[in-house]
Amino acid sequence: MPEATTPEVSEDQPPELAGRCALISGANQGAGLAIAHAFVRAGASVVMTGHHLESGEAAAREVAAAGGPAMFVLADHGSDADWMAAVAATEQAYGGLDILVANAGVYAMARTADLSLLDFRDVCRTNLKGPFLGLKHATAAIRRGGAGGSIIMMGSVVANIGAVDHLHYIASKSGMAMLAKAAALELGPENIRVNTIHPGFIDTEAAARFSPERAVATPLGRAVRPEEIAAAALFLASDRSIFMTGAEIVVDGGWTAR
Amino acid sequence: MSRALSRRVVIVTGATRGIGRATAVRLAADGARVVATGRDAIAGEETVRLIDEADGSCVFASHDVTVEADWERVMDIAKDLGGLYGLVNNAGMFMIRPIADTTEEDFDAMVAVNVEGAFLGIKHAFRAFETDKRAGVIVNVSSLMGLVGFAEATAYCATKGAITGMTRAAALDGAAMDPKVRVNTLHPGVIWTEMITSQFGDSDALAAAFAADTPLRMVGRPEHMADAVAFLISDESSFMTGAELTVDGGRGAD
Numbered sequence: 001m002p003e004a005t006t007p008e009v010s011e012d013q014p015p016e017l018a019g020r021c022a023l024i025s026g027a028n029q030g031a032g033l034a035i036a037h038a039f040v041r042a043g044a045s046v047v048m049t050g051h052h053l054e055s056g057e058a059a060a061r062e063v064a065a066a067g068g069p070a071m072f073v074l075a076d077h078g079s080d081a082d083w084m085a086a087v088a089a090t091e092q093a094y095g096g097l098d099i100l101v102a103n104a105g106v107y108a109m110a111r112t113a114d115l116s117l118l119d120f121r122d123v124c125r126t127n128l129k130g131p132f133l134g135l136k137h138a139t140a141a142i143r144r145g146g147a148g149g150s151i152i153m154m155g156s157v158v159a160n161i162g163a164v165d166h167l168h169y170i171a172s173k174s175g176m177a178m179l180a181k182a183a184a185l186e187l188g189p190e191n192i193r194v195n196t197i198h199p200g201f202i203d204t205e206a207a208a209r210f211s212p213e214r215a216v217a218t219p220l221g222r223a224v225r226p227e228e229i230a231a232a233a234l235f236l237a238s239d240r241s242i243f244m245t246g247a248e249i250v251v252d253g254g255w256t257a258r
Numbered sequence: 001m002s003r004a005l006s007r008r009v010v011i012v013t014g015a016t017r018g019i020g021r022a023t024a025v026r027l028a029a030d031g032a033r034v035v036a037t038g039r040d041a042i043a044g045e046e047t048v049r050l051i052d053e054a055d056g057s058c059v060f061a062s063h064d065v066t067v068e069a070d071w072e073r074v075m076d077i078a079k080d081l082g083g084l085y086g087l088v089n090n091a092g093m094f095m096i097r098p099i100a101d102t103t104e105e106d107f108d109a110m111v112a113v114n115v116e117g118a119f120l121g122i123k124h125a126f127r128a129f130e131t132d133k134r135a136g137v138i139v140n141v142s143s144l145m146g147l148v149g150f151a152e153a154t155a156y157c158a159t160k161g162a163i164t165g166m167t168r169a170a171a172l173d174g175a176a177m178d179p180k181v182r183v184n185t186l187h188p189g190v191i192w193t194e195m196i197t198s199q200f201g202d203s204d205a206l207a208a209a210f211a212a213d214t215p216l217r218m219v220g221r222p223e224h225m226a227d228a229v230a231f232l233i234s235d236e237s238s239f240m241t242g243a244e245l246t247v248d249g250g251r252g253a254d
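Listed in order, the protein sequences are those of chains L and D.
Quick note: my numbering has the first sequence finishing at residue 258, numbered continuously throughout.
Quick note: my numbering has the second sequence finishing at residue 254, numbered continuously throughout.
Isolated chain D, as found in the complex:
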């Protein structure tokens, strides 16, 4: 087992499935003590089991990222494990819906999870880093759709654009802290997860269609994202802050 993150405590939100779970598994394999969070305790415990099986360290915390009290509780868990080192703001909500059909409630729900949730994470991680005087790291999971527009995804693009900008703001805030805190974004392209299959359908034909539409002619997997997050969380990216790491098989360049 690599010890790149030896015993460092990293919170991964939305670690009950998809990119979050793969990231939790990967960071644990790199030696991190992972706090896997999410709303689905059964799925969260499955993430813990996968990590246990590989002799990694992981605890699950029930967590609604829109609730500030939940963040305070999750930060306490990280503190008890030795103090927060990293946060992966991964939890997110996806929605494909034309402008005319997007209600105020839809928009509010998207902003609450994708924008307010990420903000609360940044805020409480900053507080923990300040208290502990630790040079921490934050990775915010935005999207390719936080860099380029996508028809019938206006609300989603708005929230992911907000995360992209918020990361630049937080990067400058973090750079002014002592010790310094790094904040970067990951921009996944189309990644084969429940978030995609729940909106577009789950079939080999669809996966093949996405692959055919991607310059690298492959389907993006959660593990590809986990590799990128592991890089951004590790010391290998120690000169990176306020940066945007796009991992999309070339889709955004096309």
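Chain L on its own, in the form it takes in the complex:
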């Protein structure tokens, strides 16, 4: 088992994810894309999944151009077959899988009394079942490698606090957070770590809803930058977090502490 290392940049030492292979879902844009960049800079090979071919391939080209290796795999993140295929593609391309970032998710809001079962099911399919399927197939691949690994779930601040008109989104994210804890207990003996990142409002096009009022209500006074989520993901992927499992890292500028 490797010793925990500090993130010092040294000419003599290989980068901290050197030789590791990561699968990052929902990496077309935003936090997922930032995570792919961060992992590649840290020496990892990355497979990026998304449900949009053109933007996904463009994102993978961008990451590869910045130092790769990176490839894109088209995936429906609620599909068992697609998760299996994405894991297989990672093993085939890079010889194994050490890290999963289950980042893909959909954001949704609706008035609870008007929320349709289909909309509810759709959100839970991508945000709750998807991470479970990813975890299941990634675990199988990490086991084949025999050296342990790190699984990172992308939760949300609302996994731990409520919000009006977000019943389905919150159900999916709080379910995911418990999923990660249960999996951490089951997989701990095999040195497969499972942790969750809870971002606050992320500063991307997808979260253009970040209003001035929310900025004021956030102790740090602004939205979270995708690079800041990527920094937390790199920490959890690396050996710096080697004794962490079943944990939650909140990256929300202080929102939850209010």
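Incorrect hints may appear among the rest.
[To be verified] Listed below are several chain L residues computed to face chain D (Cβ distance under 7 angstroms; list not exhaustive):
#1 T112
#2 A113
#3 L117
#4 F132
#5 V164
#6 H166
#7 G246
[To be verified] Quick look at which bits of chain D chain L covers, simulated, 3 or more residues with Cβ under 8 angstroms:
#8 6 to 17
#9 104 to 118
#10 166 to 176
Treat the hints as calculated values from the structure; they're not laboratory data.
Backbone N, C-alpha and C define an ideal beta-carbon position, used for all residues, glycine too.
With chain L held as given, fit chain D onto it using these hints.
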């Protein structure tokens, strides 16, 4: 008989056995008009008989919580009885299974009953409360495993975590309604019911082992849960919403 819930209409799902049946019996003893629901009509009628014997008020409604049309029918029954006051989202499905052996179908089935079922209950109860302009109460039965992880119960923990979070969301939705609706969770520890015995076996030795593993050194009974639900449904908890009531003999603190 206590009249704490005098003539108020309360739906209890999964009231055909275990925690649901004990809760139906308890709420009826507190004066509620109970709509006991479930898929097993014979067991449901036994719940009705137990309540009748104690001079309580209860009707059984055949109900699959995953079917929205069933919820609409159950809500109509509550309306005919005078209008819905309380909902106990109790129906649930338990599964101990390693991650590798948990199929997509297993996961879907767990989510359908434990998460979608609870959602449909909240949605239709909210609609009824809005229509009737009634300050209603909802209790969602989560689990200790909706607060802490448990190995080889990943799918179950995921669904119970979803209920825990959904309750906070619904509590804020309900607090914004006029009149206000309260929504809380109950988190049972290991409770000696068919849900447990069907997975782990039914023996005095096992019950004793669970008791020995619980700080209060006793076996959790459905009646303990019924007492807690009765509190959350009653006006005694009128300042509680979005709260988590853990009733586990101390297991979660250990």
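Given L/F132 as an interface hint, is its Cβ closer than 7 angstroms to any Cβ of chain D?
holds (6 angstroms)
Once the shortest beta carbon distance from L/T112 to chain D is found, is it less than 7 angstroms?
holds (5 angstroms)
Using 7 angstroms as the Cβ threshold, decide whether L/A113 counts as touching chain D.
It holds, given that the least Cβ distance between L/A113 and chain D is near 4 angstroms, below 7 angstroms.
How about L/H166: closest beta carbon in chain D under 7 angstroms, or not?
Nearest chain D Cβ about 6 angstroms off; hint holds.
Go through the hint on L/G246 and say holds or violated, using the shortest Cβ distance to chain D against 7 angstroms.
holds (6 angstroms)
Quick one: see if chain L covers the segment 6 to 17 of chain D, three-plus residues with Cβ-Cβ under 8 angstroms.
violated (count 0)
Tell me whether the statement that chain L covers the segment 104 to 118 of chain D is true, taking a Cβ distance below 8 angstroms and needing three residues at minimum.
Satisfied; 6 residues make the cut.
Establish whether the coverage given for the segment 166 to 176 of chain D by chain L is satisfied; the threshold is a Cβ-Cβ distance below 8 angstroms, and no fewer than three residues must meet it.
holds (count 8)
Status of the hint placing L/L117 at chain D (closest C-beta pair under 7 angstroms)
holds (6 angstroms)
Using the nearest Cβ pair, does L/V164 come within less than 7 angstroms of chain D?
holds (5 angstroms)
In this structure, the one hint that does not hold is number 8.
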